[in-house]
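**Q** Protein sequence lines correspond, in order, to chains Z and D.
Per the working numbering, the very first residue in the first sequence carries number 1; after that it's consecutive.
Per the working numbering, the very first residue in the second sequence carries number 1; after that it's consecutive.
Everything hinted at is true.
Computed footprint of chain Z on chain D; a stretch qualifies when at least three of its residues, placed anywhere within it, have a C-beta under 8 Å from a C-beta of chain Z:
(1) 19-28
(2) 66-77
(3) 150-162
(4) 169-180
Simulated from the structure, these hints should not be mistaken for lab results.
Glycine included, C-beta positions come from ideal geometry on N, C-alpha and C.
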Amino acid sequence: MSALRIAGLSLRRLARDRAALFFMVALPVLVITVVGLTVRSFSTFPVGVVNGRSSAAAVELTAVLERWPSLEVHEYATSSAASTAVRRSEIAAAVVIPSSFGREIAASGHVEIEVVAERANSTQQAAATAVQAAVSQFSARVAAARFTTAQLGGDFAANLALATGLQGSVPQVRSTTVVADDSQQTLPAGFSYSAPTMLVLFVFINAVAGGATIISTRRLGMYERILAAPVGAGSVVLGEMLAAFAAALAQAALIVLVGAAAFGVSWGDPLAATLLVLVWSLVGAGAGVLAGTLFRTPQQAGALGPTIGIAFGMLGGCMWPLSIVSHAMRTVGHLTPQAWAVDAWTTLLARHGTLPDVTTKLGVLAAFAAGFLLLAAARFRRSLA
Amino acid sequence: MRPVLVIAAKDLKQRLRDRSAIVLALLAPLAVAALMSAAFGGAENVHATLAVANEDHGAVATGLLAALHAPELGRLVTVDEVRSASAATQAVRSGSADAGIVIPAGFSASVLTASPEALSTVTSVNDTVAAELASSVTQAFTARLNGDRLAVATALAAGAPASHVQALARDASGLELPVDVVQRALGARQLSTISYFAPAMAIFFVLFVVSFTSRSFFVEREQGMIERALAAPISARHVVAGKALSAFVLAATSLAVIGVVTGTAFGADWGDPLGAILVSLAMVLSVVALTALVIGVARTERQAETVSSIVVFCLALLGGNFVLVSVAPPLLRRLALFTPNGWALRGYTDLATTGGGVGTVVVPVLAILAFAAVVGVAGLLLARRAVRP
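Next up, chain Z with everything else stripped away, as it sits in the complex:
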């Protein structure tokens, strides 16, 4: 019973701490929003189009670019604005349609479309390659319209419209797609990426920073006063662990609920997701109480806690998917519990896995939790003795 009262006391102090509430409630939601809005699907390249509305033909070409699956079109007023955007990596390439495009394609010579992209920059070159493919498709229509106009006369624009209409239906060489590997290794883009990774990040960071509460309680001499009453050291340790676990669980539950309600995140198999949240909260609680026994001042916990949390988050795949780093970095990353938690969320969210698919990962996380909790308990008891 006294353990519960001690836990209640710690949680009440936490709830009164406005800065802690900011870090636990407002900040995760803000970060999930900003990161979720920014991390788009990696399969599209943003490209800028200049003079996209200068003639009917330019509108038509812009439409082809817009419909191209790997391109995302943004319109720019001038070539220099688009070039600046390429330089700042806001777009991967700029497509400059000549202002006389409508006249030029109806005539007989070659028409040049300028694509601003650096060959040495492979992202830009990949975007340029996609633009090339889209332009080729449009160019085939122009060739057909010119051919028809030369053969039969008639209006070029009308023939271009005919060619456009026929392009989808004429028997032709097609290219089909075969999906050889549909076992996705990364979280889906957007909020389904940012919510689970930030859950893993923030539960841990706030738990470790929360070690400051234990330090300030100790420095205020409150443990000595509690132990003067008929309360065992074991109850104090258990009480603080319960408080840390409850805080971590509340943090995780908040992100799960906000993610589902506000950002439309589907957290996967309910049983597996619940167990993952519980085990991750235990990892957080263990790390938090351990931090409370390792750091000497609340300031140290406040400075080192987030630093360690961010570093572990980076190593463990909370800031970028571990699939993009080298094999060695991936191995090092899996020394942190974060990597196992992000892997487990990836299994649940990207591959719709169920409990059997994440048992190993949950087991590893449980081992981390047990290790942290045991070490924390031993150190904490010694500090109370």
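Chain Z is already provided as a structure; the job is to place chain D on it using the hints.
**A** Chain D only, in chain Z's frame:
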């Protein structure tokens, strides 16, 4: 002047003794930069290994292979010829290729018939970029093949008699595609991840100077230090200036050390040194101004901690310190330019990508100074009340 220096020196000595300041101002940003450089070293470039199964060996297949070996794709695509469609699938599944292209047997011969064979792209959900690349190269190639057919069909639809099909097909064969893409180099340097995030993380952690300095002010006031200082022939202005100077030195040192270390050891490109120094100094002045504002707004050490946390994290989130702002939606990019750190990152990005000098950063520096001036004046007006007993 002397009292200002004494107050600043005493403050800095305290910061040095408090290891958390050193952690946040120096160790944390360096650790983060090191991790980023380890993670992104070499991982930045889009590259696809394509397993190409040429089961056809005809002339058209050779044409497609030539298109895949085009010099402009040299850095982007490695072609790995495999024997069969199943080998291509296996290569993609095992990860030895990122995507594949299958040219089926009889493809070249079927191109001119009524029902041509289809090329297929073999993809993995884990490399959508490679899948898109393979499909772009294939589609650019098939657009050429299909041009002839489309021309004949269009002519027929426009009223050419059906009996002329043979003649039309002959005239249309080998039709050139008239719209060409001409690629123009930008002459700009690529913005690497580390060149963006080294300054981004440096600024993020420098913003914590707002927190240290404002909190130490309230700690001293609670201990009666400020009152005792004012009892000496020292004015409130000296106290404020001393605090401002210590914040300035701490922030400037932190930025300078991180700039030098990330620039030399982690391959971050901060651009022209003079331009980078000007942006950094303007940013440091903003940090000083923000410190004054927090001291003016807060009443206790706890409040200073809360207010500065909110200020630091909101600025960092909006300004693009946590995400590559260039890929953020346009609204976020615009919001970033309401923050001094957003302008500073814009400045560093422009310096690194254009290779330009001081002229490149005039607008960012002025924007940051304007922010510092507005916040600083508001902060000083409010902070004077906090200093006076």
